[in-house]
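Using mature numbering (1 follows the signal peptide of the UniProt record, and there is no 0), the letters of the sequence shown map in sequence onto residues -22 to -1, 1 to 159.
Quick caveat, the hints were computed from the structure, so don't treat them as lab data.
Predicted, not measured: the structure shown is a model, and the values here were computed from it.
A couple of the hints might just be wrong.
Claimed, not checked - Simulated restraints on C-beta separations:
#, residue 1, residue 2, range
1, Q35, P142, 17 to 25 Å
2, S97, V25, 18 to 26 Å
3, A115, A6, 33 to 41 Å
Ideal placement from N, C-alpha and C gives every residue a C-beta, glycine not left out.
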Amino acid sequence: MQNKIFLFIVSSVLMVSGCQQPAPTAEAEFWGRLQALCGNTYEGALVSEDEVDAEFQTADLWMDVSACSGEQVTVDFMNGTDAVGHWELTRLSDGIELRHRHDGDAVTGYGGFSTENSSGSRMNFPADEATKALFDAEGIPVSKENVWAVEVRPTVFRYELSRPNRFFLVEFGTTTPSGRD
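Take the sequences, apply the hints, and build the full model.
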């Protein structure tokens, strides 16, 4: 009788442990973190110190996670009442895509796809081939080395641009939505 009870317990434990869900992929974890911000606005500030970004040092920076569908999230990067640009993140079957949209600007629609060195809290997006062609056509070939990153942690959203001799980082506190519209 004891052997039957023991076998029942062991087989039950094995069945339950075999039913556990696999760990979420980095993309799924990141997407869940990003979607949690949907519909909210957050105050931000420039963190990097490149001289070319001096205008942002005292700017009224904030973001609006304005549009969220199952597979796309749009974040409006704002300076006061003006949109600096829009970050469109799209969840694909094999990763996440980042596109930059700028209203009325010829340099728009650029970006790239998440890389293997991304994580559940940070996605890295090197410039893709279409972006490199756009940058060549617009006379800014130095930007072909751009790598953008979006990081979503429990208390902060970070957007970063880096390439040789260039670094831009802005952070938005996500603990409490700002209530801006």
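Here is what the structure says about each hint:
no. : hint                   : verdict
1   : Q35 x P142: 17 to 25 Å : holds (23 Å)
2   : S97 x V25: 18 to 26 Å  : holds (20 Å)
3   : A115 x A6: 33 to 41 Å  : holds (36 Å)
Checked against the numbered hints given earlier, the structure satisfies every one of them.
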